[in-house]
Amino acid sequence: MKNLLSMEHLSNEEILHILDRAKAFENGEEPKTARTYNVANLFFEPSTRTKTSFEMAERKVGCTVIPFDAGFSSAVKGETMYDTVKTLEMIGIDAVVIRAEEDEYYNELLEGINVAVINAGDGAGQHPSQCLLDLYTIKKEFGTFDGLNVTIVGDISHSRVAKSNATALAKLGANVRFLCPQDWAGDFEAYHSWDEVLEDSDVIMLLRIQHERHTVSKSFSKESYHEQYGLTPKREKMMKSSAIIMHPAPVNRDVEIADELVECERSRIFQQVRNGVYTRMAIVETILKGRE
Amino acid sequence: MKNLLSMEHLSNEEILHILDRAKAFENGEEPKTARTYNVANLFFEPSTRTKTSFEMAERKVGCTVIPFDAGFSSAVKGETMYDTVKTLEMIGIDAVVIRAEEDEYYNELLEGINVAVINAGDGAGQHPSQCLLDLYTIKKEFGTFDGLNVTIVGDISHSRVAKSNATALAKLGANVRFLCPQDWAGDFEAYHSWDEVLEDSDVIMLLRIQHERHTVSKSFSKESYHEQYGLTPKREKMMKSSAIIMHPAPVNRDVEIADELVECERSRIFQQVRNGVYTRMAIVETILKGRE
Amino acid sequence: MKNLLSMEHLSNEEILHILDRAKAFENGEEPKTARTYNVANLFFEPSTRTKTSFEMAERKVGCTVIPFDAGFSSAVKGETMYDTVKTLEMIGIDAVVIRAEEDEYYNELLEGINVAVINAGDGAGQHPSQCLLDLYTIKKEFGTFDGLNVTIVGDISHSRVAKSNATALAKLGANVRFLCPQDWAGDFEAYHSWDEVLEDSDVIMLLRIQHERHTVSKSFSKESYHEQYGLTPKREKMMKSSAIIMHPAPVNRDVEIADELVECERSRIFQQVRNGVYTRMAIVETILKGRE
Chain D
125 MKNLLSMEHL SNEEILHILD RAKAFENGEE PKTARTYNVA NLFFEPSTRT KTSFEMAERK
185 VGCTVIPFDA GFSSAVKGET MYDTVKTLEM IGIDAVVIRA EEDEYYNELL EGINVAVINA
245 GDGAGQHPSQ CLLDLYTIKK EFGTFDGLNV TIVGDISHSR VAKSNATALA KLGANVRFLC
305 PQDWAGDFEA YHSWDEVLED SDVIMLLRIQ HERHTVSKSF SKESYHEQYG LTPKREKMMK
365 SSAIIMHPAP VNRDVEIADE LVECERSRIF QQVRNGVYTR MAIVETILKG RE
Chain C
125 MKNLLSMEHL SNEEILHILD RAKAFENGEE PKTARTYNVA NLFFEPSTRT KTSFEMAERK
185 VGCTVIPFDA GFSSAVKGET MYDTVKTLEM IGIDAVVIRA EEDEYYNELL EGINVAVINA
245 GDGAGQHPSQ CLLDLYTIKK EFGTFDGLNV TIVGDISHSR VAKSNATALA KLGANVRFLC
305 PQDWAGDFEA YHSWDEVLED SDVIMLLRIQ HERHTVSKSF SKESYHEQYG LTPKREKMMK
365 SSAIIMHPAP VNRDVEIADE LVECERSRIF QQVRNGVYTR MAIVETILKG RE
Chain A
125 MKNLLSMEHL SNEEILHILD RAKAFENGEE PKTARTYNVA NLFFEPSTRT KTSFEMAERK
185 VGCTVIPFDA GFSSAVKGET MYDTVKTLEM IGIDAVVIRA EEDEYYNELL EGINVAVINA
245 GDGAGQHPSQ CLLDLYTIKK EFGTFDGLNV TIVGDISHSR VAKSNATALA KLGANVRFLC
305 PQDWAGDFEA YHSWDEVLED SDVIMLLRIQ HERHTVSKSF SKESYHEQYG LTPKREKMMK
365 SSAIIMHPAP VNRDVEIADE LVECERSRIF QQVRNGVYTR MAIVETILKG RE
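Protein chains in written order, with our numbering: chain D, 125 to 416; chain C, 125 to 416; chain A, 125 to 416.
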């Protein structure tokens, strides 16, 4: 693996290798890379957990992190993504982690660039490092993906998490279902009532309602979304005893999930964040070693 | 000490311990912590000296500083302070330094969070690290607080520096007085003329007129404030020979203090900045060790 | 050398010393400074390559880089440059790298400040580190400056690169000519047609059209500028076989230079970026050692 752009490019073998390395790091193993690498994080959209998680993971893999302030870079002067990344290559950067508004921004980086590119979210496209940490969280819980019922709830059509996870989980043998209002399903087939998915789900994966992407229908108040599609205490009680709750966060409390459930026993929401550091260490190590 | 939130929580013993450690660091002693800690600085308001001072102090205590860009974090998506800090905890952050607009923002961090919280300024509330460096500056100068006349001048009611210092200095035995226009005194009793405090003050502590908080009365021009409440060369000459001038900075030159006095012999304004690094090293070390 | 403010202050000997050290670093030599220094980069204008290049160079010289977010500093509260830099001095910063909008902002730092100041661009003034990396690029190519025909093309009057380079190249023995529209020449004498300079130039140095500084005449469309003053494939073919193309970047593709020429064989545009790191290592090392 020389880049991480989309889950669609990864074989099951590559996915499982990353999950194995994440496990090793969680067990205290030290990363092994041939030298100290220089990396930069180019976040053109706000982020706390993804950016901070990569910052931590990169340092734990022994990288030097060169600060890059996207909002104060030459990108605001209209510099192309290619020229920005090529510039960083010439400065001595070995890998860039990029979040950008544009779908598949990375296509212009596939030729002429000798820096590793790790996609930390492209528009309404993919979010592979989030997907891999979700997979790690599920594997840690159940040991396998085979036959698991995973229900993804929310704005499927605009969610890069939904797309990345649906692709990968299906390839790994899980049974992926969607639950959402009719006009949020996009190209996917979806359920529209909890009744059909609540009791046999092994994983309920809630998606963030992205107010900042203006995707909430005007006909939906927060309250009515919560009532129809939110995970309420009453619904939580009907879940399988072994089932878990996931959410990529940041959570809109009392919208996607009742405030009191965010840290309930079956919630893995904050554990996902912890798992993210191990997973991103695995991603960074794998890609840097893939270029040695 | 497991957090530093407000001077009201600190005993004299705790205060004096921090001042002692600051002294030791100024004398070249090396900080001693059990391991390398990860810290993050969450500044939701502009700052040069407090943020940079903590950045330096943290590195001198051997911490790894993980960058956090408040203006580009998930806070702008409406994430709660609790969720932001809990996320950082799961990523592996051991301590956060926070400056925020909201008074006592830290109340929502007292339960469920296992990260040390150091308050670097909460709204119009407290600014304990500034207070401690002011105390360090005074102690270094006079050896004691007992019986010192300390006059705090400016917008008392909106100043977190005034509140933190008034509380602490009184507990330590100093005689604290306020000088300000009538409607800036808040709940405090204040003098309104220099005549009553100028000649017997050991410390004159000027507060910044916070244009950016819109606290200057419309009836006051900068010139008239300077004339009535500013420290002018004429007033400086009337001060006790051993008296010192302090200001938390940034200074509005020719408003709170005449331009030519900012670096005069009895000014400790820039020394306060230097003392701030030692004091913050003491704070960071004390809190990290308090959790070992 | 204790500061680097303007090329006008540098003797040929000082320039050549920096170029020699840059060469040594490119050949793998290790920087030698007496201790670990603390530096801060104060960029009050957007920048990718200059800021990132200094960040990398400083680390390679063994410095600790203390982050400074200009847009979120006390400067937005109206703090003067003097007070900001004096504050950083008291915090323990040894050198600052500054980019600012104001011409010769550094004049207020010449007295009372004990921090090294490296000018990374002042308004429409100078940009000495860019100049030095350009000189390094030329010397690496031709071994000498003597008698070289260097043609600088673009908005001469507003360009700090043009001014810095014209001064230095002439002192070093090169023959500097300008090519630009009549009203962009400022105080310089300039050619207005490629015919007079294209075929005998050893170096064609293109300047960025600074849309963000509103310097493009309203009478010029991008297309007409490209046609009259841009480097087109047809013009490139008429260049001397040994001649090279330079540009400080970011490039406006198809304005100053045809898209397809940016990485052509005689282009040194991205090599300039690589050379910038070695040159800035030399600058930082020279100035820190100059103060030991």
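Hints were generated in silico from the structure; no laboratory data involved.
Wrong hints could be hidden among the right ones.
The list treats identical chains as interchangeable, and a pair is accepted whether it falls inside one copy or across any two copies.
[Said to hold, decoys possible] Straight-line Cα separation of at most 20 Å, SDA-like style, residue types lysine to any residue; simulated pairs: (1) K413 - T204; (2) K126 - E387; (3) K295 - E384; (4) K147 - R398; (5) K263 - E203; (6) K126 - Y206; (7) K184 - E137; (8) K264 - D319; (9) K184 - N162; (10) K201 - E347; (11) K346 - A199; (12) K201 - P374; (13) K361 - D227; (14) K201 - D378; (15) K147 - T157; (16) K201 - E226; (17) K264 - S391; (18) K201 - I411; (19) K201 - S345; (20) K147 - G216; (21) K364 - N151; (22) K201 - F168; (23) K413 - S391; (24) K201 - Y349; (25) K147 - S345; (26) K126 - K201; (27) K156 - K358; (28) K295 - G414.
Checking each numbered hint in turn, tell me which of them this model violates, lowest number first.
Numbers 1, 2, 3, 5, 7, 8, 13, 18, 21, 23, 25, 26, 27, 28, in rising order.
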